[in-house]
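Number of protein chains: 2
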Amino acid sequence: MSLSEFSIIEKYFMRRATTRRDVSLGIGDDAAILDVPDGLQLVTTTDTLIEDIHFPAETNPGAIGYKSLAVNLSDLAAMGAEPAWVTLSLSLPDAREDWLDAFSNDFLDLCEKSGVQLVGGDTVSGPLVITVQVMGFVPAGKALRRDAAKPGDRIFVTGTLGDAALALRLRKEQETALSGYTELLRRLEYPEPHVSYGIALRDIANAVIDISDGLAADLGHILARSGVGATIHIDQIPVSHALQVCCNQLGLTQIDGRVPELVLAGGDDYELCFTVPEDRIENLQALERFALAVTEIGVIEPMEGLRCVAADGEPVALQRFGYQHFSE
Amino acid sequence: MSLSEFSIIEKYFMRRATTRRDVSLGIGDDAAILDVPDGLQLVTTTDTLIEDIHFPAETNPGAIGYKSLAVNLSDLAAMGAEPAWVTLSLSLPDAREDWLDAFSNDFLDLCEKSGVQLVGGDTVSGPLVITVQVMGFVPAGKALRRDAAKPGDRIFVTGTLGDAALALRLRKEQETALSGYTELLRRLEYPEPHVSYGIALRDIANAVIDISDGLAADLGHILARSGVGATIHIDQIPVSHALQVCCNQLGLTQIDGRVPELVLAGGDDYELCFTVPEDRIENLQALERFALAVTEIGVIEPMEGLRCVAADGEPVALQRFGYQHFSE
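Chains as they are written, first to last, in the numbering used here: chain Z, 1 to 328; chain U, 1 to 328.
Be aware that a few hints might be false.
Stated by the list, open to error - Chain Z is nowhere near these chain U residues, computed Cβ spacing over 10 angstroms in every case:
(1) LYS150
(2) ARG169
(3) LEU170
Unchecked claim - Okay, derived cross-link-like pairs now, SDA-like style, lysine to any residue, Cα gap no bigger than 20 angstroms in a straight line:
(4) LYS11/Z to ALA224/U
(5) LYS142/U to ASP22/Z
(6) LYS150/U to GLY28/Z
(7) LYS142/Z to GLY28/U
(8) LYS11/Z to ARG225/U
Claimed, not checked - Quick partial rundown of chain U residues pointing at chain Z, CB under 10 angstroms, derived from the structure:
(9) ASP30
(10) ARG225
(11) LEU284
(12) GLN285
Calculated from the structure, these hints are not laboratory results.
Here a beta-carbon is modelled for each residue, glycine too, at the ideal position from N, C-alpha and C.
Just need the whole structure built from these sequences, with the hints factored in.
Put into structure tokens, the structure is as follows:
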């Protein structure tokens with residue numbers, strides 16, 4: 001069944017709209033009109049997901065809807081910004097009602113949970129491509145950037161790393177009967193953006209990034225932008241029980257109980273990696289209310305480059321796992 | 001040759017960047033940080049262009065780059081908003097350097113001409129899909145909306161209508177040797193967004209829309225949203241000399257010298273259609289400084305629906321040209 005652009009938007013995306021008072025005019029005109037409060041800066045980011053590149057064709061459409069928004073919220077979290085509005089550009093091969101129903105349902109769930117209003121977009125017929133742009137606020141000068149890490153800062157990560165990358169690998173290798181797979185798949189399909197935690201880091205962290213390309217690459221961005229280096233300890237990188245069980249079952253090569261390519265170069269983690277100066281580390285205790293695991297994994301140093309060491313002091317060859325020492 | 005995402009952005013899209021003082025942080029972090037001046041509202045719109053749907057594969061990449069931004073600027077023009085920032089999401093089948101060079105060149109030209117800064121985006125490998133989002137400002141309460149037409153308002157359009165639609169048709173029918181084709185093709189590939197004119201309409205027009213789907217459909221949106229109707233005169237719809245010459249050569253059926261399907265339902269015009277109350281019509285004279293042709297084509301009436309009449313008083317059957325009388 002074919003649906004016109006207007007009926008797709010009205011039927012699926014306006015059925016239970018979050019309503020924000022700062023939306024002066026939402027969907028339905030040439031553009032949306034939005035009120036940014038005085039004293040706040042606008043923070044905006046966009047990400048595109050494409051079938052067969054970012055997700056396989058058989059992915060459940062709810063997960064696609066959820067994740068297309070979640071990865072953008074994760075970028076705002078890494079800025080310490082509060083999300084407010086979203087636009088959605090949807091290119092669809094055919095307007096299948098069951099697909100749209102599931103996609104929009106999980107998209108709107110996350111909108112509601114995050115207090116975000118859909119204010120515009122575009123629906124066209126074409127290959128399956130989803131582009132989402134999220135806009136939010138941060139008090140002037142308070143955004144958390146990549147370029148603010150200082151020697152002596154301790155390096156932390158939230159949650160556990162490598163789960164999504166392992167799920168992707170297991171699915172590709174059709175090892176989906178392994179114990180723990182369902183849990184890992186959930187990490188791949190429904191990553192939780194740490195928005196409140198990012199906001200809480202505003203007065204604590206120096207530099208923040210979200211881990212989408214793998215720890216080594218993303219921490220590498222912080223180092224390059226800040227003109228510093230770092231040493232991290234592979235045995236301190238947090239991993240989930242499900243990941244450990246699967247890696248043991250598969251007999252993957254490990255260093256200190258970690259599979260380096262998963263925890264250093266896995267990608268799709270959507271955890272936060274951030275640096276905190278020593279005199280503000282105790283402030284992290286107040287953030288325990290978020291019930292989010294946070295682990296110290298290393299330290300920022302003056303000498304450029306990322307160094308990863310094992311518990312026995314031996315260096316881990318990062319170049320093997322996609323890390324390139326670069327400066328911008 | 002394959003280029004990484006970062007080198008595509010740096011090499012092609014940052015080579016001659018417009019630099020705005022309200023961009024606190026541009027490309028290179030998790031998100032952009034932007035300053036919306038106090039007292040101004042944010043206006044934002046997004047549009048997606050897809051190969052083989054919005055343009056044929058052989059289209060010159062410069063035109064694709066230009067138009068992907070121009071259609072969004074046209075939406076801001078229709079709001080009376082001043083454009084400021086743009087994000088670009090580019091899905092490319094392969095990173096062909098000559099394609100990227102031409103695409104980015106005309107995209108950046110229009111950025112410069114419009115004072116717009118590229119502040120973020122995403123480059124991925126996939127089918128050729130371009131999503132552009134433009135953000136701009138309007139003084140609080142001054143945006144020009146679709147829902148503000150009042151009975152008695154005169155209806156105006158800028159420029160000429162039907163040129164782009166005729167170019168599309170000629171190209172499809174391989175009638176590209178016709179006199180006037182080159183001029184019409186330019187209207188299709190390089191539509192001029194009437195940004196300054198839209199801003200100047202803020203204190204003059206009641207309702208404004210840009211014509212992307214054809215006059216009947218887009219004026220229809222104004223009527224439906226405003227709860228009014230209109231009568232327009234087909235002999236008053238402005239057409240170009242090139243269009244007249246081509247239509248005559250092709251022997252197309254005309255009413256009062258107009259081919260109805262081109263001027264009423266052509267689409268891709270990116271001219272502005274707006275309504276002005278009688279007591280502000282004289283204010284339009286001050287806008288002659290823009291050297292933009294503006295033509296009165298009809299009047300807003302209390303009775304819902306769009307009526308189009310010929311010079312002899314006979315009604316033109318709009319239903320034949322894609323106009324549906326609908327209310328929202």
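Verification of the hints:
no.	hint	in the structure
1	LYS150	holds (17 angstroms)
2	ARG169	holds (20 angstroms)
3	LEU170	holds (24 angstroms)
4	LYS11/Z to ALA224/U	holds (18 angstroms)
5	LYS142/U to ASP22/Z	holds (16 angstroms)
6	LYS150/U to GLY28/Z	holds (19 angstroms)
7	LYS142/Z to GLY28/U	holds (17 angstroms)
8	LYS11/Z to ARG225/U	holds (18 angstroms)
9	ASP30	holds (4 angstroms)
10	ARG225	holds (7 angstroms)
11	LEU284	violated (21 angstroms)
12	GLN285	violated (26 angstroms)
Hints 11, 12 from the list above are not met by this structure, while the remaining hints are.
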